[in-house]
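> Chains as they are written, first to last, in the working numbering: chain W, 1 to 156; chain L, 1001 to 1327; chain V, 2001 to 2352; chain U, 3001 to 3279.
Note that these hints are calculated values from the structure, not bench results. Yeah, the Cβ is synthetic: ideal placement off N, Cα and C, and Gly gets one too. Do not take every clue at face value.
[Unchecked claim] Computed from the model, here is a short list of chain V residues facing chain L with C-beta under 8 angstroms:
no., residue
1, D2015
2, N2019
3, A2045
4, P2143
5, E2144
6, L2237
7, T2240
8, L2242
9, N2243
10, Q2260
11, H2285
12, S2287
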Amino acid sequence: MSECTEHSGFRPRIAAFFCNWCTYGGADLAGVNRLKYPADFRVVRLPCTGRMNPEFVLHAFRQGVDGVWVSGCHPGDCHYIAGNMYARRRFTILKELLEYAGLDPGRLHFSWISSAEAEKFQRTAVDVIEAVRALGPVNAANVAAKTMVMELRKVI
Amino acid sequence: MKARAEKIREIAKRLLQEGKVDVVIGYARGASPMREQPFFARTPEEAGQLTWSSFCVGNTAKFLVQAAGAGERAGVVAQGCASRNVVGLIVEKQVARDKVVVIGVPCLGMVDSRKVEARIARSEGRRVESVAEEGEELVVRGRGFEKRLKRKELLRDNCFTCQHRNPVLADEMAAEPTAATGGGDIDTVAAPWEKLPAADRWASFRETFTDCIRCYACRDACPLCYCKTCFVDDAKPQWLGKTQDVTDVASFHLMRAFHCAGRCTDCGACESACPQGIKVRRLTSKIEKDIRSLYSYEAGMGLDAIPPMTTFRADDSDDFIKQGGAQ
Amino acid sequence: MITACKILGKDVFEDFFRNLANGREVFAPVQLTGKIVWGPIGGAADVDFSLDNTDMSPKEFFFPQSECLMRFKNTEGEGGRVMVPAPPLATQRVLLNIRPCDAAAFRLLDRIFMQDERTDDLYWLDKREKTILVGLGCVNPCPECFCTATGCGPFHEEGLDILLTDLGDRLFVKPLSGRGQALVADLPDAGPQDVSLAGDVAAAAAALVQRPAGFEPKKLAGRDVLDIYNLPLWPRLSETCLNCGTCTFVCPTCHCFDIQDEVKGEAGRRVRNWDTCMQRLFTEHASGHNPRGEKRDRVRQRFMHKFTYIPMRRDGELGCVGCGRCVRFCPTNIDVREVVRRMCENVEAISK
Amino acid sequence: MINPYLPYPVRIAGVRVETEDKNLRSYWLTFENTNDAAAFRYEPGQFAELSIAGFGEIPIGIASSPTEGDTLLFTVNKTGVVTTKLHDMQPGDVMGVRGPLGKSYPLAAAEGKNIVIIAGGFAVTTLRSAMVWLLNPDNREKYGDITFIYGARAPGMLLYKDELAAWRRRDDVRCHITVDRQADGWDGMVGFVPTVTEQAAPSPDNAVALVCGPPVMIKYTQPVLDKLGWQADQILLSLENRMKCGIGICGRCNVGPYMVCKDGPVFTKAELDHLPKEY
């Protein structure tokens, strides 16, 4: 499906955490509308982005994903009044912290997408996937120095 | 220091005598050089063992949850940072205001024993056996040597950049207020890796935490950490591996720091507790810097304050939210 | 039979080291970013006889903090879920300049890891058999050391293959085992003067070690377990404990561990990790019941384990070698010497 | 040399749901290698670590008796990570068993004596092993009277119902099976184990008692036995602490100086009276 050619053949694995009430619906609508985007993410449905524990992000990286994408309702549209507003502060601090520790900004993404925004969903999905793809595969052969995302992976 | 110690003893003795508290939590003489130990004085006589020096590097607020659990009214000897943690615990409803009597101590900063050791060259087999405080000087003695060092040069990193040396909440005061800050500019030294190119940050992170033995002393010394079951101990699901793998160690430290967001007073107890001398504040200081600049908040400054992670504003920054590319 | 002591001039130490390092990895205390740690030694010049003891005990060499015990294929069906033990250590090793207290701790741990042939811990045994311990008599005890009070000492010989005494320009070499003897056979014998000099150095060092007043664990021997267990001092003793694991992790004789399975994809392994009796979860049952649910119980366990339980089961031997690390590194400076002093004092107050 | 951490591979030969709440299941395990079966020599009262690769190990008392052949029986309550996984497993699945571990009931030393077994809830497992062993024709004649007292919350919570029925029919066992409250279709005794023990009034003369059950049962049965004249050294109890290594090293299961996994799990009441109640 993908038309990208850089890092030829590399299909990133992305963990996507979507709010049930908006982005998940947006993804659904994108499907109903036959909008195309690469299928390189796996969705975990959350009741609200307020449910998003920062530990989920680290856990996903430990399990070996190349990128994480969290998406919920637009500010003001939360089904639970303000879950996403609290989440926004948490994500702000978390993203700052992880990037401060060395995480490549292209690996962690947040968006607000409503259940009516099928096209925005499509565009954002392409964006996220492209951003993660552009960083290339996570493996020791690919880079000289060990990167955070490489070493967050649990090796057994 | 001596005057402070005497005043602390006097206040503690009175509070215990008058039955205003069941226990006074402060410091007593430690067993090792350059160490004072937390001490629970339960009688007016025991109050005589309380002390104050440049080596009170723990955080007495840590013990308040324990005292509250035992139904005790506690007096707590607290300098600026610890008093802010007392406020934090009251705000977080772990401790009732009327169960705590704060004995405030304007703080002159605490000394980092590792810095002293470095200065007397432990590498050459020289061991500090005793330290006496004479004004602004430390007289360090060991087998075959005596050295006078300037206290100011040996303060813990967090004490250099302390912004609130005077207690923010005090029912009693053990001295007149002192200069408000340690003199250092917190925002220039917090978050040291921000100055590094992104590609070098992880290497620095690794190096910083490579000696971690996962004893969790940083967590257990921290007055913010009172959860009944810590995320590292969760078994269903088990979030974290228990090994020394980089990922398990890194995840622990990242999450621990995150849990301190908007709550940390930069008391430095974590760093002082670490048996491996790990600079764990490199993470917490970054978060607190962000909290200050984004939400104009400093932890524990007022009983009416709303902690920043438990609230929001409609206009909070969301520059990091993806807009979904060109149409 | 161990024969004469030897002399090793520091000018010819390089030859000795070359022989020692022949076919073996050598580790010794080194200075690294201000700390004294165990590190690999590339050449004789890296060996520093003046260093203090390391912050961490060398137990990591025999009982790594995380150790893969076995591997398995994490799949259902044939060939899946069958455990394959991790391979034994591939190299021979030397721990050079190990302190006598740390070596003595390994002798104690031998008795715990190897209790009988049906349950001998082969992971421990393998590394012990492949590691030679060359001790360095300790002439600079730290303020927290109390080895002479625990039946150990700065020149204690138990557990060592060779004991070195630093005589300035030369080392006095005492072989203590067959393999130690083989390593030093070619060195010149020590003369009577050096023998006496080495004796003086050892005596002077022993005199430097503090003898904490009232630290007399023998007084605990023969007492009913419950007499000590029920002493009223435990709640007060434990109130400042943070229940972190520092004391147990820096301790050379603490050996508690947890075993956990880890899987990722088709790979799986069974790992043992250091654990600590200070953590509430250590003893908690799946049902939630906890035999040591209170902080007081856990603090009491640590001290009674070292000074009551181990002596009861190991012919009076203490579970402590007096290295002082727990005192030095405890975030709240809880002092084992003081704890034992109070145990002794309090138990004496109870009539037998 | 034996690697004491290495489990023997075993296959689940059979599974049976034991209780009406479906939380207790019995597993019959057969060794994959006949050598292992020969090496696994156990006696009633010992336990083993059930090992499921990827999930971990749990210490479980062996419910079968060596007189029953090489197939091992374990009855497992669903509580933690490993037991939950075990409850999902099916006949034919492969897992591991490590053991036998710990000390057994001192049945050899009790030859010629009367045996009283008192069990509560699902702690009956190793006592089933003891019963089967004692009732084996080779062993039965070496012992005097056998009294078996067993209580559960409800009839549907009793384990090994077929065997209980068979034992009740025998004339060389005094069986007292009881449930806490009267229930439909239950024609047996009703009442708590301590009460039933008082009614059964087993004599302490030339006898030993094996007692296993929840702490509350032990607590209230003890005074009954005292009243009946039992001495502490006649009463054997089996402890259940958290155990990992099973060989006395990992340090979490100790009660005073004794490691429950290696020095226990069977202790006399007399021994426990001098030990901390850390169990």
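> Decide, hint by hint, whether the structure agrees.
Status of the hints after comparison with the structure:
Below 8 angstroms, beta-carbon pairs count as interface contacts, and D2015 of chain V has none with chain L, the closest being about 26 angstroms; its hint is therefore violated. Of the supplied interface hints, the one on N2019 of chain V is violated, with its beta-carbon coming no nearer than about 27 angstroms to a beta-carbon of chain L, more than 8 angstroms. Because the smallest distance between the Cβ of A2045 of chain V and any Cβ of chain L comes to about 16 angstroms, over 8 angstroms, the interface hint for this residue is violated. Taking 8 angstroms as the C-beta contact cut-off toward chain L, the hint placing P2143 of chain V at the interface holds, the least distance being around 5 angstroms.
Taking 8 angstroms as the C-beta contact cut-off toward chain L, the hint placing E2144 of chain V at the interface holds, the least distance being around 6 angstroms. Taken as an interface hint, L2237 of chain V does not check out: its beta carbon lies about 11 angstroms from the nearest beta carbon of chain L, beyond 8 angstroms. The criterion of a C-beta within 8 angstroms of any C-beta in chain L is met by T2240 of chain V, whose closest approach is roughly 4 angstroms, and the hint holds. Look at L2242 of chain V: its Cβ gets to within about 4 angstroms of chain L, closer than 8 angstroms, so that hint holds up.
Given the 8 angstroms rule on beta carbons, the hint for N2243 of chain V holds: about 6 angstroms separates it from the nearest Cβ of chain L. Taking 8 angstroms as the C-beta contact cut-off toward chain L, the hint placing Q2260 of chain V at the interface holds, the least distance being around 6 angstroms. The beta carbon of H2285 of chain V is not positioned within 8 angstroms of any beta carbon in chain L (closest approach about 12 angstroms), and the interface hint is therefore violated. Checking S2287 of chain V against chain L by beta carbon gives a least distance of about 13 angstroms; that is not within 8 angstroms, so the hint is violated.
Hints 1, 2, 3, 6, 11, 12, counting from the list given before, are not met by this structure.
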